[in-house]
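Here the structure of chain A is known, so what remains is to put chain W in place on it, guided by the hints.
These protein sequence lines map, in sequence, to chains A and W. Each residue of the first sequence is one higher than the one before, counting from 1 in the numbering used here. Each residue of the second sequence is one higher than the one before, counting from 1001 in the numbering used here.
Hints are computed from structural coordinates only; laboratory data are not their basis. Any given hint could be a false lead.
[Said to hold, decoys possible] Listed below are the simulated DMTMM-like cross-link pairs for lysine to aspartate or glutamate, each with C-alpha atoms no more than 25 Å apart in a straight line:
1. W/K1011 <-> A/D60
2. A/K134 <-> A/E70
3. W/K1181 <-> W/E1102
4. W/K1198 <-> A/E115
5. A/K51 <-> A/E70
6. W/K1205 <-> A/D119
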Amino acid sequence: MRKKLILHDLAREDAESLLPPESPEYSVFAATPSLHHCVGCFGCWLKTPGKCVIKDRGSDFGALMPLHDEIIVISRMVFGGLSPDAKAVLDRSIGFILPFFRIANGEMHHTRRYEKSPDLRYILYGPDINDREKETAQKLISGNALNFGAKNYSVSFHSTIQEIKEALA
Amino acid sequence: MKIALINGSPKQKDSATGIILNALREKIGEAHECVLCAASSQSGRDVLEAVGGCQALVFAFPLYVDGIPSHLLRLLDEIQHDITGSSPGAMVYAIVHNGFYEGKQNITALEMMRNFCDRSGLAWGQGLGVGAGGMAGAAPVGHGPMKNLGLALDKLASNILGGKTGPDHIFEPNFPRFLYKATAHMGWRMQAKKNGLKPKQLCDKPFLQDKDRQI
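Looking at chain A on its own, in the form it has when it is part of the complex (with noise of 0.2 Å):
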């Protein structure tokens, strides 16, 4: 059975709707309220490896990482990319890889501090989406896979959040 953690940031009425309940199949992570954004301090990189120093719910995050098959990131998509409170997570989930570089396509890239990266799977939504928009988002999941570890990864894009579920199946 592969393991998923959703990402989402659902209203609680929208979620409890539309999302698989938790199970050991999935693991269910609310974006919302709101965290308190990553301060760039490297803590989680320098100080107590692979955790976030900021003490809130956020770290819970990054501990499920490394315990899911595929990550699913449920997202209003804002300037082509993630909403501020789904980015949030994200930001502060940084100690999932290691400060550390390597060269991976002719870039540099953080090396994995985990021998297994969790799928990447983006669902945007959004009633205006446009196609520019969606060109950045295709990018940067690009990037966040190779960033992550990712091998592999997929993005698609939904004009009602009642599209969702449909997306999920």
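Showing chain W alone in chain A's frame:
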């Protein structure tokens, strides 16, 4: 001319973003009014008020997870519908710097700033993608490894003051990649030691079962 310099670093002081914006401020010169904003401590309402009447908005920030840091993203999300009312006709310039060596890894974040302009109705001026931005304090801007940064900021300042657009400029420091990588790795180990850690502890796997950990 009134110009807003918006610092998108989460750090209140000693940030590479601050060094870059200070260098740009000097190149713009004292004849022009520069308004300084900090995305980490100011609300959208504060920023809208501060940038009122500006002809140019310069956003500078570090690359976070291939994109815009969440606190700055939240600010941009908040102000996107009102910013043209606050600074009508303003041109947007963006400086993105990253911890990797290659400046091109900032392209996605620059695209996000263009998308912000599309959504807000502001005009896009120019973007700079600064590789190895953490080196900004390694030498005076415009000298040694920071020569390319100085040249890029000269051109950017000229475009801002002329109200001109320019092609996005992506560049690296005047410093070899292998040395940057080696220096960074040495720096991580030294900082770990200062924090009371052994170098190998940097690679700890805190969230796996004990049998799977490699400490």
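Here is how each hint holds up against the structure:
no., hint, result
1, W/K1011 <-> A/D60, "holds (23 Å)"
2, A/K134 <-> A/E70, "holds (22 Å)"
3, W/K1181 <-> W/E1102, "holds (12 Å)"
4, W/K1198 <-> A/E115, "holds (21 Å)"
5, A/K51 <-> A/E70, "holds (20 Å)"
6, W/K1205 <-> A/D119, "holds (19 Å)"
Checked against the numbered hints given earlier, the structure satisfies every one of them.
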